[in-house]
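With the hints as constraints, model all of the structure from the sequences given.
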Amino acid sequence: MLTAALPGPPPPAATATPGAPGPGLPPLPTPEQLAAQVWDTEFGLPARYRTVTHTDVLAELAQATPCLESLDHLTELAGQVLAVPGHAARLPSGGPAHQSNHQRYQPTTVAAGVGRSGRHGGVPVPAVAVPDPSAPGPADVPSHQPPPPAPATPGPGKHASRQPPLPGVPEPGQRPARPWPERPYGHVPSAHLPALIAQEEARAAEADQHARARAAEAGHLTVTAGTDAAPAARRDAERRRLLADADHHLARADRARAAHAAGERHLAAQQTLADRIKDRLGTVRSRLLGERADLHFLHGHLTALITAHRARLDLLERAATLHEAAAEGFLAPLRAELDLPRHLSTRQATDAARDRLPARKENDTAAAATAVQRLNRRARDHHAQAGRARARAAALRAEAALRERMPPPRAAAEEETRAAAHRSDHPQPAAGHPPTQHPGSRRSR
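Residues 1 to 445 (this note's numbering) are what the sequence shown spells out, left to right.
Everything labelled a hint here was simulated from the structure, so no lab data went into it. Careful, some of the hints might be misleading.
[Claimed, not checked] Dumping the calculated SDA-like pairs for lysine to any residue here, alpha-carbon to alpha-carbon at most 20 Å:
#1 Lys278 / Gly300
#2 Lys278 / Glu291
#3 Lys278 / Phe297
#4 Lys278 / Ile306
#5 Lys278 / Ala304
#6 Lys278 / Leu298
#7 Lys278 / Leu295
#8 Lys278 / Ala268
#9 Lys278 / Ala293
#10 Lys278 / Leu289
#11 Lys278 / Leu302
#12 Lys278 / Leu288
#13 Lys278 / Arg252
#14 Lys278 / Leu267
#15 Lys278 / His296
#16 Lys278 / Thr303
#17 Lys278 / His266
#18 Lys278 / Arg292
#19 Lys278 / His299
#20 Lys278 / His260
#21 Lys278 / His301
#22 Lys278 / Thr307
Encoded structure:
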């Protein structure tokens, strides 16, 4: 349409401006006159249900002002026309094809958006919406009344195929605005409120009982399973630590004794070799063969090695003695606490003390601590459930008290309205039909 209205390329020096006549051209209509011509009522629809995009306005202006051949001037004039008060252009929704009539003709005051026009090949074009000051706003229409319906039979025109909105029909995917303040249990019938209050109180009491049971179980496990909060467990842990230290020193003493025994055997072999060399030196044969010098050197070397080896064996003996004394020092408190016989040696006393202690695994304390943490966490969860149940019971009591203060006719009417709204917001599947499976649900996979 715009191409037909603007034949040929625009002149290079176009001096016509909106609202002022050009050289040799008639004066242009005012923006108010053009707005009245663009938004005429021949289609049979109110102004706030009309759908007009920026391209539609340009096309209408091109037909109304054939003397204007500059697209820039047309665009500027379209902006002036859209700014004229008293007219409203509805924003095209541009949504899916299955949208409802109510969504298509929903009034809006958005200033800009993206629309779609069928006669432009479905290409998204910018859309403009101008609020109509003369149209009744939210302050003029009471909040408890639905918007006035449009005529049932639209007149001929480019929007004749669209139907008027249905009163009270919400937009798809959106919850309609309610004419009452939000109350979470406003849809519940009054006869059901006492039963629901009792049910929530029972849930809170049950959750409290479970929380107390879990807390008691955690406390019992703390005392009996060897956590840090149990004195008996701390005593056993201290005894085990003393036994571990005594075992460590006894093991070091055993290693020192074993090294000392091996050194004694090696020293005996070296001493035997030194004695044989000394016996060789006393023979005539060694003097005749000239071996005395070599044998004297070898005997002196072996004597030095034997002396150093004896010093090392003395150190090993002293280390073993010190480790045994340290083990006895760690074992002395256990001898007194467990009343062990005094004639027992250090190793025998260690074995007897280990037999007196209760047999437990090394990871019993850590496992018990983990179990106590898990039980405490479950107790906190039960306390939270009880708190939520009490909050729901308090909300139900507040709803019941509010309805008691209402006049009976108003309470009954509002209850029925809320119940119908709740049924429309939460549709239930028909009898004999399974509930609808959403594409993202686990059952539909």
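Now for the hints, and whether the structure bears them out:
Between Lys278 and Gly300 the CA atoms are separated by roughly 10 Å; this keeps the pair inside 20 Å, and the hint holds. Of the pairs offered as hints, the one joining Lys278 and Glu291 holds, with about 12 Å between alpha carbons and a cut-off of 20 Å not exceeded. Distance restraint check for Lys278 and Phe297: the Cα-Cα separation of roughly 11 Å lies within the 20 Å cut-off, and the hinted pair is therefore satisfied. With a C-alpha separation of about 14 Å, the suggested pair Lys278 and Ile306 falls inside the 20 Å cut-off, and the hint holds.
Among the hinted pairs, Lys278 with Ala304 is consistent with the structure: their alpha-carbon atoms are about 15 Å apart, no more than 20 Å. As the CA atoms of Lys278 and Leu298 are separated by approximately 10 Å, the hinted pair is consistent with the 20 Å bound. Pair hint Lys278 plus Leu295 holds up; C-alpha atoms about 8 Å apart against a cutoff of 20 Å. This hinted pair checks out: Lys278 and Ala268 have alpha carbons roughly 15 Å apart, not beyond 20 Å.
Between Lys278 and Ala293 the alpha-carbon distance is near 12 Å, which keeps this suggested pair within the 20 Å criterion. For the suggested pair Lys278 and Leu289, the alpha carbons sit about 16 Å apart, so the restraint of at most 20 Å is met. Of the supplied pair hints, the one linking Lys278 and Leu302 holds, its CA atoms being roughly 11 Å apart against a limit of 20 Å. Of the supplied pair hints, the one linking Lys278 and Leu288 holds, its CA atoms being roughly 16 Å apart against a limit of 20 Å.
Distance hint between Lys278 and Arg252 is unfulfilled; the C-alpha atoms sit about 38 Å from each other, more than 20 Å. For the suggested pair Lys278 and Leu267, the alpha carbons sit about 16 Å apart, so the restraint of at most 20 Å is met. With a CA separation close to 8 Å, the supplied pair Lys278 and His296 stays within the 20 Å bound. Proximity of Lys278 to Thr303 is assessed by CA-CA distance (about 11 Å); at most 20 Å being required, the pair is judged to hold.
Restraint check for Lys278 and His266: the C-alpha separation of about 19 Å stays at or below 20 Å, so the hint holds. Taking the CA atoms of Lys278 and Arg292, the gap is about 10 Å. The hint holds against a cut of 20 Å. With a C-alpha separation of about 7 Å, the suggested pair Lys278 and His299 falls inside the 20 Å cut-off, and the hint holds. Between Lys278 and His260 the alpha-carbon distance is near 26 Å, which puts this suggested pair outside the 20 Å criterion.
Taken as a hint, the Lys278 and His301 pair is honoured in the structure, with Cα atoms around 12 Å apart against an allowance of 20 Å. Of the pairs offered as hints, the one joining Lys278 and Thr307 holds, with about 16 Å between alpha carbons and a cut-off of 20 Å not exceeded.
Of the numbered hints given earlier, the model fails hints 13 and 20; all others are met.
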